[in-house]
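Novice: Listed below are the residues making up each chain.
Number of protein chains: 2
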Amino acid sequence: MANVLTPQGEDFPRWYQDVVAKAQLAENGPARGSQVIRPTGFALWERMTAEMDARIKDTGTENASFPLLIPESYFRREADHVEGFAPEVWMVTQGGGKDLEEKLAIRPTSETIIGEYMAKWVNSYRDLPLLLNQWCNVMRYEMRTRLFLRSSEFLWQEGHTVHESYEDAHAFTLRILHDVYADFMENVLALPVLRGIKTEAERFAGALNTFACDALMRDGKALQMGTSHELGQKFAKAFDIQFQGKDGKQAHGWTTSWGTSTRMIGGLIMGHGDDAGLRVPPNLAPVQVSVMIVKDSDEVRAAARKLYDELKADGLRVKLDDRGDIAFGRRAVDAELKGYPVRIELGPRDLKNGEATVVSRVEGSKQSVPLGMIAEAVAAALAGAQQQLWDEALGFREAHTVDVASVDEAVEAARTGYARMPWDACGVEGEARAGQSAVTVRLL
Amino acid sequence: MANVLTPQGEDFPRWYQDVVAKAQLAENGPARGSQVIRPTGFALWERMTAEMDARIKDTGTENASFPLLIPESYFRREADHVEGFAPEVWMVTQGGGKDLEEKLAIRPTSETIIGEYMAKWVNSYRDLPLLLNQWCNVMRYEMRTRLFLRSSEFLWQEGHTVHESYEDAHAFTLRILHDVYADFMENVLALPVLRGIKTEAERFAGALNTFACDALMRDGKALQMGTSHELGQKFAKAFDIQFQGKDGKQAHGWTTSWGTSTRMIGGLIMGHGDDAGLRVPPNLAPVQVSVMIVKDSDEVRAAARKLYDELKADGLRVKLDDRGDIAFGRRAVDAELKGYPVRIELGPRDLKNGEATVVSRVEGSKQSVPLGMIAEAVAAALAGAQQQLWDEALGFREAHTVDVASVDEAVEAARTGYARMPWDACGVEGEARAGQSAVTVRLL
Ligand SMILES: [Zn+2]
Ligand SMILES: [Zn+2]
Chain A
1 MANVLTPQGE DFPRWYQDVV AKAQLAENGP ARGSQVIRPT GFALWERMTA EMDARIKDTG
61 TENASFPLLI PESYFRREAD HVEGFAPEVW MVTQGGGKDL EEKLAIRPTS ETIIGEYMAK
121 WVNSYRDLPL LLNQWCNVMR YEMRTRLFLR SSEFLWQEGH TVHESYEDAH AFTLRILHDV
181 YADFMENVLA LPVLRGIKTE AERFAGALNT FACDALMRDG KALQMGTSHE LGQKFAKAFD
241 IQFQGKDGKQ AHGWTTSWGT STRMIGGLIM GHGDDAGLRV PPNLAPVQVS VMIVKDSDEV
301 RAAARKLYDE LKADGLRVKL DDRGDIAFGR RAVDAELKGY PVRIELGPRD LKNGEATVVS
361 RVEGSKQSVP LGMIAEAVAA ALAGAQQQLW DEALGFREAH TVDVASVDEA VEAARTGYAR
421 MPWDACGVEG EARAGQSAVT VRLL
Chain B
1 MANVLTPQGE DFPRWYQDVV AKAQLAENGP ARGSQVIRPT GFALWERMTA EMDARIKDTG
61 TENASFPLLI PESYFRREAD HVEGFAPEVW MVTQGGGKDL EEKLAIRPTS ETIIGEYMAK
121 WVNSYRDLPL LLNQWCNVMR YEMRTRLFLR SSEFLWQEGH TVHESYEDAH AFTLRILHDV
181 YADFMENVLA LPVLRGIKTE AERFAGALNT FACDALMRDG KALQMGTSHE LGQKFAKAFD
241 IQFQGKDGKQ AHGWTTSWGT STRMIGGLIM GHGDDAGLRV PPNLAPVQVS VMIVKDSDEV
301 RAAARKLYDE LKADGLRVKL DDRGDIAFGR RAVDAELKGY PVRIELGPRD LKNGEATVVS
361 RVEGSKQSVP LGMIAEAVAA ALAGAQQQLW DEALGFREAH TVDVASVDEA VEAARTGYAR
421 MPWDACGVEG EARAGQSAVT VRLL
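Chains A and B, in that order, give the protein sequences. In terms of my numbering, the first sequence has 385 at position 385, counting the first letter as 1, and numbering is strictly consecutive. In terms of my numbering, the second sequence has 293 at position 293, counting the first letter as 1, and numbering is strictly consecutive.
There is no bait here: all hints are sound.
Non-contacting residues of chain B with respect to chain A, defined by C-beta distances greater than 12 Å in every case (computed):
hint, residue
1, Pro7
2, Arg14
3, Leu149
4, Ser368
5, Met373
6, Gly384
7, Ala405
8, Glu409
9, Ala413
With the Cβ distance kept under 10 Å, some of the chain B side facing chain A (calculated, not the full set):
hint, residue
10, Thr40
11, Ala43
12, Trp45
13, Ala64
14, Pro71
15, Pro87
16, Glu88
17, Gly97
18, Leu100
19, Lys103
20, Ile106
21, Ile113
22, Cys136
23, Asp325
Bear in mind the hints are in silico, worked out from the structure with no lab data behind them. Yeah, the Cβ is synthetic: ideal placement off N, Cα and C, and Gly gets one too.
Model the full assembly from the supplied sequences, consistent with the hints where possible.
Specialist: Below, the structure is given as structure tokens:
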């Protein structure tokens with residue numbers, strides 16, 4: 001097949017750009033760093049939100065919706081928070097043709113506005129834990145942007161909770177990290193993640209502790225895929241989130257916040273993609289199987305439609321590609337680019353033999369399968385693909401992690417992957433020194 | 001039960017406000033006319049989006065995501081559109097601490113920015129129809145606001161499509177009106193809707209024709225629940241959406257747009273609610289059945305949990321209310337307020353008799369049912385509630401629609417419901433005269 005993408009080995013960032021454009025995932029928007037997510041890209045996000053939302057609800061968290069615009073004064077109430085976010089804010093100053101009395105920030109994150117309402121809703125220990133989440137858009141002013149990975153506007157979920165005690169809040173932060181984020185990333189996205197604590201320098205503005213899930217991309221660089229923050233009593237004090245405890249005394253709550261975003265689409269692309277395009281794990285894939293006609297004829301069309309209906313009835317996510325007016329070769333390249341795990345190719349010759357060709361994107365295999373056995377072959381190919389993507393990603397990570405003893409060795413090792421070293425041998429000073437070589441201490 | 005709400009007959013707008021507050025559906029946000037949708041309200045919206053999204057996808061439409069911020073210059077390209085929306089726009093003028101070179105409008109609707117991208121993506125008749133939708137937030141500056149019904153920020157879906165011909169676009173506009181909007185409103189929301197064409201005065205800014213679905217609220221006033229616009233070639237010309245036709249010639253596309261919003265939550269409340277609160281049709285209800293313990297004991301708890309598990313396994317949307325530390329009476333009032341169609345009350349006495357009490361919110365009935373027959377009783381109660389809500393709404397509309405022959409009669413009749421009259425007897429002049437009495441010509 002012709003190379004439609006810059007090979008990864010030649011220029012990884014350009015390969016990434018090419019995939020995003022050629023697979024029609026996203027484009028730049030008109031405002032600085034904004035993005036248009038096209039249907040193929042958005043379908044990935046819809047599947048991510050469905051899987052994540054179910055896991056979030058399993059923790060007892062409920063969805064809500066808070067306003068886009070936050071009065072500037074709210075930000076000022078928590079000193080570390082305003083310092084961290086003020087430089088990134090987009091500001092609304094006019095409405096209805098007039099200047100507003102108070103400037104309104106487009107939310108870069110919603111701790112402040114949600115804190116304001118939590119304070120109203122929390123009165124007694126009976127109201128706790130209060131577990132909220134919202135799926136929404138946020139904006140941060142960014143100078144250098146890359147589609148999905150760093151954009152001024154992005155889609156995300158942000159969870160915000162209040163608990164009775166430090167222990168409850170701490171446990172919930174970790175529950176989100178492990179049972180929601182890591183579980184989704186490993187079992188659906190097939191990306192092994194490292195879980196750990198960020199250093200003080202990398203912590204969320206206003207947090208006591210930030211836990212993160214990082215995955216290793218195929219260029220040997222780590223990508224932060226999700227974060228879960230212990231906010232201690234800082235926001236509860238700034239917004240006066242108080243409750244009457246079982247002992248009858250007033251106390252401030254303990255809050256957490258946690259988020260994952262459309263950046264995960266970038267992680268999916270760079271964690272599994274190859275020189276032919278995306279490779280989407282079947283557990284995520286919006287299209288698990290594409291049933292394609294090779295050449296147009298009434299018989300082929302009818303047989304393809306029948307296969308499509310059968311696989312769909314089996315509960316699979318299936319696409320029917322019977323666009324006879326577009327050359328098969330072009331459509332096959334497109335299917336590789338978009339990373340559909342399995343294609344079923346059906347032409348007049350296959351049909352004459354009572355067969356179809358089952359192609360696995362990940363295994364790179366092609367096999368003729370009797371029409372009556374397609375369902376089994378597809379199920380096996382999907383299971384195999386999910387496993388192989390996981391095995392490859394895990395093998396890659398193991399091959400790219402080295403144990404080092406000094407910061408200099410770590411900087412060297414970070415050229416091609418992870419360096420694992422004792423924090424004692426690094427420390428805050430070592431972290432700053434590594435930072436000069438664009439190496440960050442990812443997780444403790 | 002004590003009156004927790006202002007009765008509808010006393011003051012309908014206050015009743016509405018009371019329901020929204022007491023059922024914990026929503027609250028005012030800090031910025032003018034913004035709103036916080038609380039979990040109970042948001043769960044209604046989640047069910048609405050799920051049902052609508054499935055219907056939208058059935059038309060072949062795909063979801064995408066376009067930016068929140070639209071350059072001011074885009075608005076200026078379609079004259080009627082800018083005139084209609086300019087006064088309502090919220091404007092971003094600063095980002096990253098600096099003034100922006102071009103002001104950016106928070107989208108009040110996205111015809112312009114989506115038109116810009118459609119022009120890139122449409123080249124040939126093979127690219128048509130292009131059927132896109134997005135679920136997002138929009139903002140319009142409003143002076144007088146009411147939660148859900150008229151808010152400065154609201155959540156909605158906006159569909160945007162391009163077609164080869166006037167006929168295709170026209171047919172699609174109607175398909176959305178009937179198969180998506182009216183079908184959802186009638187079969188899920190149990191609200192009979194009138195479908196028709198808006199007069200020129202009430203038309204969407206820039207549209208050739210606006211079709212709408214209106215439902216009658218229990219105060220005798222009509223509420224617009226959804227609109228579907230034929231945009232002709234106006235936006236296609238303003239944004240240069242051109243394609244090469246089958247005949248090899250370049251032509252402008254024909255576009256449509258259509259939307260429904262969180263205002264439907266207001267329609268649900270006012271279309272079915274009564275003096276005890278919401279009445280949610282089972283086909284929509286996020287909670288179809290609430291299994292409640294009357295008094296706390298280990299046996300009652302265990303039996304309630306068992307019922308909950310069984311009903312959930314049957315595919316019902318069930319809530320378990322085993323909050324033994326809150327008085328049963330308070331919880332029952334809350335269940336009425338939130339409009340759960342069916343409650344199952346389980347106390348020690350019920351349990352001793354091997355029974356539970358099944359309460360229907362809509363029918364107002366209570367019956368003791370043997371534990372082994374709960375599933376059947378619940379299924380019957382749910383079906384009955386859906387039907388009764390529809391019958392009541394339809395009966396109410398019929399009782400509140402009168403045929404009139406003159407504008408004066410229409411103004412009189414509109415005090416309590418719909419007036420049906422021939423357009424010949426009204427006309428543009430009559431519409432203006434009726435408008436002086438705050439009566440609008442809803443649909444032709
Ligand atoms: Zn305080
Ligand atoms: Zn043109």
